[in-house]
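**Q** Take a look at the letters that make up each chain.
There are 4 protein chains.
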Amino acid sequence: MDNRLQPLAEEKVFKDPVHKYIYVQDRTIWNLINTKEFQRLRRIRQLGTSYLTFHGAEHSRFSHSLGVYEITRKIISQFERGGYEDWPREEKLVTLCAALLHDVGHGPFSHSIEEVFDTHHEDWTCRILLEDTEINRVLREVDPSFPEQVAAVIRKTYEKPIVISLVSSQMDADRMDYLLRDAYFTGVNYGTFDLERILRVLRPHKGRIVVKESGMHAVEDYLMSRYQMYWQIYFHPVTRSSEIILRQILRRAKELHMNGYAFGWMIEPIRRLISGTIDVESYLALDEATMQTAFTIWQSEQDALLADLCRRFMDRKLYKYVTMDDADESLWASIREQFTAIGLNPDYHLEVDFPFDLAYAVYRSGTRDAKKNDKPPILVLDRDGDVSEISKKSDIIRSITGTHRGKYHLYYPYEPLLESAGKLSPDLRKLFELE
Amino acid sequence: MDNRLQPLAEEKVFKDPVHKYIYVQDRTIWNLINTKEFQRLRRIRQLGTSYLTFHGAEHSRFSHSLGVYEITRKIISQFERGGYEDWPREEKLVTLCAALLHDVGHGPFSHSIEEVFDTHHEDWTCRILLEDTEINRVLREVDPSFPEQVAAVIRKTYEKPIVISLVSSQMDADRMDYLLRDAYFTGVNYGTFDLERILRVLRPHKGRIVVKESGMHAVEDYLMSRYQMYWQIYFHPVTRSSEIILRQILRRAKELHMNGYAFGWMIEPIRRLISGTIDVESYLALDEATMQTAFTIWQSEQDALLADLCRRFMDRKLYKYVTMDDADESLWASIREQFTAIGLNPDYHLEVDFPFDLAYAVYRSGTRDAKKNDKPPILVLDRDGDVSEISKKSDIIRSITGTHRGKYHLYYPYEPLLESAGKLSPDLRKLFELE
Amino acid sequence: MDNRLQPLAEEKVFKDPVHKYIYVQDRTIWNLINTKEFQRLRRIRQLGTSYLTFHGAEHSRFSHSLGVYEITRKIISQFERGGYEDWPREEKLVTLCAALLHDVGHGPFSHSIEEVFDTHHEDWTCRILLEDTEINRVLREVDPSFPEQVAAVIRKTYEKPIVISLVSSQMDADRMDYLLRDAYFTGVNYGTFDLERILRVLRPHKGRIVVKESGMHAVEDYLMSRYQMYWQIYFHPVTRSSEIILRQILRRAKELHMNGYAFGWMIEPIRRLISGTIDVESYLALDEATMQTAFTIWQSEQDALLADLCRRFMDRKLYKYVTMDDADESLWASIREQFTAIGLNPDYHLEVDFPFDLAYAVYRSGTRDAKKNDKPPILVLDRDGDVSEISKKSDIIRSITGTHRGKYHLYYPYEPLLESAGKLSPDLRKLFELE
Amino acid sequence: MDNRLQPLAEEKVFKDPVHKYIYVQDRTIWNLINTKEFQRLRRIRQLGTSYLTFHGAEHSRFSHSLGVYEITRKIISQFERGGYEDWPREEKLVTLCAALLHDVGHGPFSHSIEEVFDTHHEDWTCRILLEDTEINRVLREVDPSFPEQVAAVIRKTYEKPIVISLVSSQMDADRMDYLLRDAYFTGVNYGTFDLERILRVLRPHKGRIVVKESGMHAVEDYLMSRYQMYWQIYFHPVTRSSEIILRQILRRAKELHMNGYAFGWMIEPIRRLISGTIDVESYLALDEATMQTAFTIWQSEQDALLADLCRRFMDRKLYKYVTMDDADESLWASIREQFTAIGLNPDYHLEVDFPFDLAYAVYRSGTRDAKKNDKPPILVLDRDGDVSEISKKSDIIRSITGTHRGKYHLYYPYEPLLESAGKLSPDLRKLFELE
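Protein chains in written order, with the UniProt record's numbering: chain A, 1 to 435; chain B, 1 to 435; chain C, 1 to 435; chain D, 1 to 435.
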């Protein structure tokens, strides 16, 4: 490794509302932050469409990425001060780079795009690390194999699991930063927990990261924060409504493209996205600005459905929702039929959402939602040196493990239903609160 | 006035990080917030390009506008509880609407656009209130004359000066909110002051708003916050550098347009903006998303200067700066000459900035920078009922009144100068820190 | 009711770190705060000996009492704005006075004194309200029956249960203030929850106070705060150790008095306390200053045990503790025997503590610890108007209801044991960590 | 130096509301904190009688002393990381001990006692370090000369001025902690400034501590905090009133003692205090608990003046005050005469206070109030390596340097004047607001 490992002549700092300051000592980290691919994260919001519910939530993935880096830096710095044998010091820069870059492959409104176009941001992250980018150039300056090493941490194939778990586990720097940050910017105080104390009770132990038992209540508090943030912020039904509209815009555009529709307005990166031919260069040209610009202009598209969905998204005329305990197939068929009868398109004007289902996956591994559950559990180290999974030790954590709620939300456009209310059955008029 | 003056059946709240909650009781306020013109403020950052210096500063004019409304609501509510005779209760809704809407005419990166295209956001605000918009329709539902009444407050021609001064004075709801909000989102604590105490010492008095003398220290603290925010945040040289790049992009686009240049890519609202033919509809289609999209795509424009400026802005490759005490004309001429000799364009590649000049204008009226100084001074009401201008009472306030610093910053592109350093005089090499 | 019900000419405020400001509008409240009995609360710490563990916890019952008053004032003010029929407006002043005065009967280190001398602070509160005190005079100025009305709220015999439940229930103003306040002054952030939101979802409903279902997560968060505060702060083993020492000082003094011991130093109120002959006047002369002064001087008492205990308390040379899973009677007998053999007094030098037992009682009524469980449960009002007990609705709350842990702590003086370690059995040497 | 310099096996932490955590790594520091002389600081409030104005201000000198230690530890730790040549690393423990212990000589209500009995807390600090105390024993374990070294820092005779200035200068760890701490506990936000930033711009430079010019605004903010805290908190007229009463209790007790008065109740340390014969042992037995106990019991003393003053202090029946611009000698004589005529004692019942005078001394050396002004000024290091005194660089700092206000407050007992109002001249009735 060459002189790129040399520290900066003078430590650089970023003012950060969550961590007060973010400290950069490595030249490589500094150079990575200044690449255009990393700067692009400034134009992608951390919480996607949540700003339509919580107007403070305009913070970017740029600020979150710096925060993940900073927490990782603090954990490593404490491991080094503690002198723990388990900690592979030479891996420090790999870990810091992976922490900083783990989200660099996120696109605008990432979850919606991933769902509609079946892409994965981890894949894009790795491509951005490995293909011809400024980031790749900065990493290669450390060592030709360095981009691959960092990518291995992202892909979870890196040889030392302890490095992976710092960046990706049930209590990793990523989660710790986003809970604190999302709480700060939305203005709720559910997400606050004692970061400093948690950092103090983390230990490397037999190749894994564990929590000293004396810090278990701090971990309980952290997991409760996470639980509350999911229910109060991430699953907020108004946010879900905006995500539904957004997904339908993307689905509609894709459908129109496949049907040979001639868009009145288009730009190349979006054309490639919806046609499934996107490459790294075009992907990096996508951000929330370009997507929103498309939606703004598409309000004048000839396709009335696309134009209406775009207007709804940009002007925040979202779908309304009602809460239901249950629904049988016959009700379902009846709704679709009546919607069609009054000129609505049930594929676009109706959506059922089970946000609570995701909570199940939050703290339990080995379940059906495997993709989201591949993160190792939180381990507690007791005074006798024994390690156990935390939910075995805490009633509270057990109570939020595997939770699953049966209620679901039904989303629909209120105004056209109200206009045609007379043509709907009384049941539906009641269900959709039209009278 | 009709039933639009009726309160909402149930108070609505917005979660806000600065004021905890924002309370909406009037149907008109609720409906205004839901107009598309007001929702558009979500896509315009409160602090323009400051997010390039302070990554937390992504908050929108939408959140600020709600904050100004909320502070105004609190002041009025306290005036009403206090039962002060000076307070014209029937003006409550006018004031609240003006507070909410005072920034609705802001465009993307407003100050830069105003400077290059000589527009004024107050004018746009009034046009949006009075022309054919959703906002106009909501206001007219109160009373046909209502849009004009609200516009009069914005224009400062409203008959009751006390109403105007709530929305626009040296210590108005606008300033109180933005100091607190900008401090919160940048993460600095310079901007914090005791809002609750200030609200408690404000009084209507003989048609003006005054501060009880017992609250003078709180006002000192507020003005010091303002002073510090100007120096630390608003005038930060990195932010100034990004504003310079931004202005030059706009200037270049305008110049190219005037010279008949055929843009490789253009959209209608921007074409109208740079050609000076913009109307309300196109203006409302402008936001930071559309501007940034243009800058993204213009990186491939044939005009190398425009393309370079756009790349600098989007990738945050800003101009460097040096601080100078003074400069004589000969130095100036020499720089321009040598810049031209190495292929730089001194009209675009060189800019001098006196950010400190503006501080002069902050708290003193009747000076040359009249446009920015038309806000009434802060008045103190002493125990004997006498009113005086606050800087007469406070050494501290006097010390920041009329401040003017002589130093200025010189901005320039570092990399091309470094490349051609050999062709520059030793003086310039030293000045631009090229060796 | 006479003119004492008139509001103050000008609202008074107290600066408070938890609520920012505390607002006093009623003359009666103002006068009550200025009585000497209420001022005495300044000399009694809210958290007893917790300051020996958390050095910030020096806040007094005076500040807590103001806080309870303020939260009650806010709840009532919101009930009045909401115009709920269930709310008996004429009871406002009774409720506010009860909120302000509910702790006025607390003595110094209240829980220890109550345990050793079998007194109850509620009884003292009522006596202070009803006997010849400044407080009684202020209350009688409202109406001769007023002291009795306020006392009835304290005793929970007041005819309107809704008034009682504001001051004393599972989610009363008392608990809300102390969680926030104790968290603030200790510096932990476990105790923070969204007070403003909880206030907004409280409703009077059929003579009780209920929570709207939409606010249930805020209540979960509040109960988790409470749970964490109990485990992290109130049950902290170092605090328990200091309480043990304190109780033993009091027990020893009482024992000595009963045995006719002639104290080298004594003052009248303490003599009356330990002899069981205390009256209101003497009780009011007791505060933490007088108790600590006694302990300071008693370090020179002839009784070596009392002197040693006092020294331990004042110099914070507390007992050490070890955690045990279980203990059989034979171990117990063996410890006592060996302690006696080396000159220790097992009645004073050994104490077992089950702090966790109390957590059981926190949220469940109808259990054996009836005295501590007489507070009504938290009720949730759903959208259909049905009311249910909250733990039926929330997994999380169920998980902390009725919790009971088996471990206990054994407290003992380390130094004398270490000195005589050679005379102890190996088992005990290991148990007491002497080797 | 022996093994006492070894660090603790495991870092200890204190939870602190201001600094979140206070970290102890040195065994000596840990042992000093556990001495009885240091524990005694728990019974002495940091802000004396200010709790009578700001009820949150109950924090002790114990917590402040830990805070000063922690800030010093952070500064040193940064100097060591920065690798500055000026910093004498071997002095680390001396500095930390001096920081921790600098206030250990404070007595209860220190400023009042110093004024009445002409003692100085620095002298007591040195005696406690050097005479036969637990602190002395812990220090001697490091090295026999160690107590003397630490005392030299306190006395400002230590050979390295840089060590002294960390503990005692215009911007030392002491001031930084108390501003933040007093602001936190009173609940005002005047005292907040960006500690982390200030720590980052401090540098050792040619044997002194300087501030990098880039941090000057942070220093301005710190000095403004200090200014505001003086005016809003430390000089608050209600606090001054309580200090006046307190001083008069002490003066009266001293006077009575000198006149051979037989106190109905007395304890040895207080007897020694008022007779001027106090030694270290008795001094250490004094704390706010013993003083308040005396005042409580003295309410029944035969001397009516002493009893009345004690009642005023304990029940917070303080003197009222009026603000005056000026007073001539004849007014003065007239007040004294009329006071005497109605049975008041002008030596005790009347006091004039110029709190603003002290502000003069705050930032300027070389003035008449030399004793309070012996702290070196704040030095700014500019980019050229030049050092200048900060008020030369900042208009704001100049505006608060040497400030002096002419108004004064007149304190007097309201009730007896009101009772005898008829016997006073109209002028006095007006002056004392009796009508």
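In case anyone wonders, no lab produced these hints; they're calculated from the structure. Glycine is no exception: its CB is placed at the ideal position from the N, C-alpha and C atoms. It cannot be assumed that every hint is accurate.
Stated by the list, open to error - Taking lysine to aspartate or glutamate pairs in the DMTMM-like style, the calculated list, with each CA pair at most 20 Å apart, reads:
1. D:Lys407 <-> B:Asp386
2. C:Lys212 <-> B:Glu10
3. D:Lys12 <-> A:Glu196
4. B:Lys430 <-> D:Asp384
5. D:Lys317 <-> D:Glu433
6. A:Lys430 <-> A:Asp325
7. C:Lys206 <-> C:Asp382
8. D:Lys74 <-> D:Glu11
9. D:Lys423 <-> D:Glu435
10. A:Lys407 <-> C:Asp384
11. A:Lys212 <-> A:Asp326
12. C:Lys393 <-> A:Asp86
13. B:Lys36 <-> B:Asp386
14. D:Lys317 <-> C:Asp382
Claimed, not checked - Residues of chain B placed beyond 12 Å of chain C at every Cβ, according to the derived structure:
15. Lys15
16. Tyr21
17. Gly82
18. Glu114
19. Lys160
20. Leu195
21. Glu196
22. Arg197
23. Pro204
24. Thr277
25. Ser300
26. Leu379
27. Asp386
28. Tyr408
29. Gly422
30. Lys423
**Q** Are the hints correct? Go through all of them and say.
**A** Outcome of the hint check:
1. D:Lys407 <-> B:Asp386: Holds, at about 18 Å.
2. C:Lys212 <-> B:Glu10: Within the cut-off at roughly 14 Å; holds.
3. D:Lys12 <-> A:Glu196: Given pair Lys12 (chain D), Glu196 (chain A) holds - Cα atoms ~14 Å apart, limit 20 Å.
4. B:Lys430 <-> D:Asp384: Cα-Cα ~15 Å, so holds.
5. D:Lys317 <-> D:Glu433: holds, 17 Å
6. A:Lys430 <-> A:Asp325: holds, 15 Å
7. C:Lys206 <-> C:Asp382: This hinted pair holds, its Cα atoms lying about 14 Å apart.
8. D:Lys74 <-> D:Glu11: holds, 15 Å
9. D:Lys423 <-> D:Glu435: Between Lys423 (chain D) and Glu435 (chain D) the Cα gap is close to 13 Å, so the pair holds against 20 Å.
10. A:Lys407 <-> C:Asp384: holds, 16 Å
11. A:Lys212 <-> A:Asp326: violated, 44 Å
12. C:Lys393 <-> A:Asp86: violated, 44 Å
13. B:Lys36 <-> B:Asp386: violated, 47 Å
14. D:Lys317 <-> C:Asp382: violated, 51 Å
15. Lys15: Non-interface label on Lys15 (chain B) violated, nearest chain C Cβ at 9 Å vs cutoff 12 Å.
16. Tyr21: Contrary to the label, Tyr21 (chain B) does not stay out of reach of chain C, its closest Cβ about 6 Å off (not over 12 Å).
17. Gly82: At about 9 Å from chain C, Gly82 (chain B) fails to clear the 12 Å cut-off, so the statement is violated.
18. Glu114: Holds, because the least Cβ-Cβ distance between Glu114 (chain B) and chain C comes to about 38 Å, which exceeds 12 Å.
19. Lys160: holds, 26 Å
20. Leu195: With a cut-off of 12 Å, Leu195 (chain B) comes too close to chain C, as the shortest Cβ separation is near 9 Å.
21. Glu196: violated, 6 Å
22. Arg197: violated, 8 Å
23. Pro204: Nearest chain C Cβ is 16 Å from Pro204 (chain B), so the label holds.
24. Thr277: holds, 49 Å
25. Ser300: Fine: 49 Å to the nearest Cβ keeps Ser300 (chain B) off the interface.
26. Leu379: At roughly 21 Å from the nearest Cβ of chain C, Leu379 (chain B) sits farther out than 12 Å, so the non-interface label holds.
27. Asp386: holds, 20 Å
28. Tyr408: holds, 42 Å
29. Gly422: holds, 59 Å
30. Lys423: Non-interface label stands for Lys423 (chain B): nearest chain C Cβ at 60 Å, farther than 12 Å.
The earlier numbered hints that this structure contradicts are 11, 12, 13, 14, 15, 16, 17, 20, 21, 22.
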